[in-house]
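Keeping their order, the protein sequence lines are chains A and B. Going by the numbering used here, the first residue of the first sequence is number 28, and it counts up by one from there. Going by the numbering used here, the first residue of the second sequence is number 7, and it counts up by one from there.
For the record, the hints were derived by calculation from the structure and aren't laboratory data. What you are looking at is a predicted structure, and each value in this text was computed from that prediction instead of being measured. All residues carry an ideal CB built from backbone N, CA and C; glycine is no exception. Treat the hints with caution; some may be incorrect.
What the hints assert, rightly or not - Selected chain A positions facing chain B (Cβ under 8 Å, derived; list incomplete): (1) Q37; (2) R82; (3) I84; (4) L87; (5) F178; (6) M259; (7) S321.
Chain residues, written in single-letter form:
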Amino acid sequence: MDLQLTEEQQALVAALQDIMQDHAELPQERRLSYAWHDAGLQTLLGESGFLDAAREIGPLEAALVVFEAGKGIAALDTIGCGLVAPLLLPDLRIEGPVALVDRRDLGKAIRNLSISGTLLVDCGEDVALLPLAGFAIDSVDSIFAFPYGRFAERPDLSSARRLPGAGAAMRQWWRVGIAAEMAGAADAAIAFTIDYVKQRHVFGRPVGSFQSVQHRLVQRHGWAKSLYYLTMKAAWSGAESDAAIAACFAQTGIQSLMFDLHQFHGGMGVTIEHLLHFWTYRIRALQAEAGGLSASALAIAERRWTEAGSEVDAVPARVAGL
Amino acid sequence: MEFAWSPEQRRYRDRVRVALDELLPDDWDEAYVPESYASDRQVEFSRHFCAALAERGLLVPHWPKDFGGNESADWDHFILGEEMKGAGEPRGPQYMNVNWIGPTLMRYGTAEQQKQHVNGIASGKVIWCQGFSEPNAGTDLAALRTRAELEGDHYVVNGSKIWTSYARTADWCFLLARTGTARKDVSIFLIPMDTPGISVTSFPGLIKPGHLNEVFFTDVRVPVANRVGAEGQAWEIVTHALAYERVGVPRYHTGLDALDLAVSQLRREGRWDDDPIVRAAAGRIVAKFEAARLMTYLVVDQRVKQMPPSTDANLSRVVALDAVSDLMNFIAEHVPDCLAGGDVLLEDYYRINVPAGITGGTNEIQLDLVAQRGLGLPRV
Ligand SMILES: Cc1cc2nc3c(=O)[nH]c(=O)nc-3n(C[C@H](O)[C@H](O)[C@H](O)COP(=O)(O)OP(=O)(O)OC[C@H]3O[C@@H](n4cnc5c(N)ncnc54)[C@H](O)[C@@H]3O)c2cc1C
């Protein structure tokens, strides 16, 4: 049992933080945007090898990359191309970024679709792999802080390449990814809010000196910190149950997080000039993915209390033969 | 990062489990656990059990060799606590002795006090109670009014304590009493509970018997030699002592066991497979307990690595309390009969946890500490 990062992991994190630091500023012209996809940063993360961490080092390091990148204000794809795709398809290079969707949502607005090279479709048992070149995709405006796109015409999956039996593995790593990005975004959003409540004065004292504000911030911080460790454990173990636990815990805490962080910013928290929404509305966007809270909670119950639900080990091995 | 136990740690856990298996009576779960770890019966049992643990080197293995320990690794000490808690804490009140009373006396006690009490604790036969809280001094402990007046080579103690767990059966009391007029003029005394002038009254409550006691001190004479540290040194000593007490009570262990029991009952009754709402609720509770588990491990890991003190121990309690509170609600909502004789173990779990946010420092104090010392929020 060792909950501290190794020296190599620390070096990875420090190198990524340096890059993120250089990309921490929102360009002036994007000041009133709901979402900001930093295409330059996305390319840089790919070129400097951070999105290969899953293949080159391991899932825990890949989750660390998703977590650290999640602290930034930019919308990126690290879950799809840094975690899910390489762990599902260790031997296949596919065109990134990689969007992820449940088959039932294929006709709806899909997160990151407008910036992605490939779409992985969770078809329950199997996964369909859809290169996106040649598809007409309409950008969608939304309150969420990710770019969204919608197929102009619903694609026909019957001719798409299929990965038989890979559905569970896709959902597993998707869940780890959701948890990792939410943990990173929450960490940054809480720090941003703490700064705000220290500076903003009401009734002659800082907002952050009121006990009701302090206690709720501590509770949100406790949730975010726990989520970080649950996520790293899920990435480390490669166990489906751990992934479901991390996602379930993440999705359980969103309601209070969203309410409290926006609440403590008062009217400023309603604007999009204020940066808060770049983190919180990425978290909101992830809330329903990979089946959402009920599916992750039910997956935990099934694993723990169904006789057949004994633990299966790391997933890449199972789909490697594809 | 590494989330697995080492082979040595697994072997250590097995060793503790074997001891539990061999030392607990066959009717432990049915007859003892339901009475709760503070009951007279379990406290008495702990005198035999802990003595046997001591013989196996499993009572104070983490202590220094000079005091009868084996200087074993902090993780081993934690694994021991985890297994004991998981088994219903057969050490009864003696977890307090080994976790903080002993270590506190090693640091602040006189040679005489160490000889008598540290050895006594290491033998596994002595029961202590903690006489801190008073009717008007709980969270605000510095408001305590019990007084100790110096008269020659004795102090004379007058006042009363409340919520004093185990006081009915304790041999000794670790007492806080006022020795001066300033708010923090408080000192520590070690008092035999059979000293003339001490009386104990117990009263019933939502928690199982053994915790809710009032202790009255009327002209109780205590030798000066029984004072720990200097006059007025109590705060320093207690702060140090409670830093030991407050390291992660492993609540997830018993919590997950209790949840398993509730689920088996629901399954037996056909109220599980067809009810996704209940299953999802149970799944969410598992996630919260796993969060509590990792936060507790984080605190132990920091301690093992001797990292600078943080407020993560306080934070881990906040996280654990949330899980416990969800589980209590689950029990009452889905298997309410457990609280009316249907399942003694679940009832015990529920009732032990009624004051989970109060004992050992209330939740609000934990939140204050993390807010101000951990997150740097301003104190006004
Ligand atoms: C089962 C049980 C066993 C116990 N065992 C022992 C024992 O063995 N020895 C011993 O000495 N004591 C023991 N205690 C006492 C325990 O430590 C106190 O109950 C606790 O410190 C709270 O004190 P109080 O009950 O006086 O509550 P109060 O101090 O009256 O506080 C009441 C409530 O007010 C709120 N509150 C208080 N201060 C603040 C604040 N600063 N900010 C915000 N909210 C606040 C909290 O919600 C708190 O719960 C035990 C208590 C229980 C219930």
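Inset, instruction - Hint by hint, work out which the structure violates, then give me just those numbers in ascending order. - result: 1, 2, 3, 5
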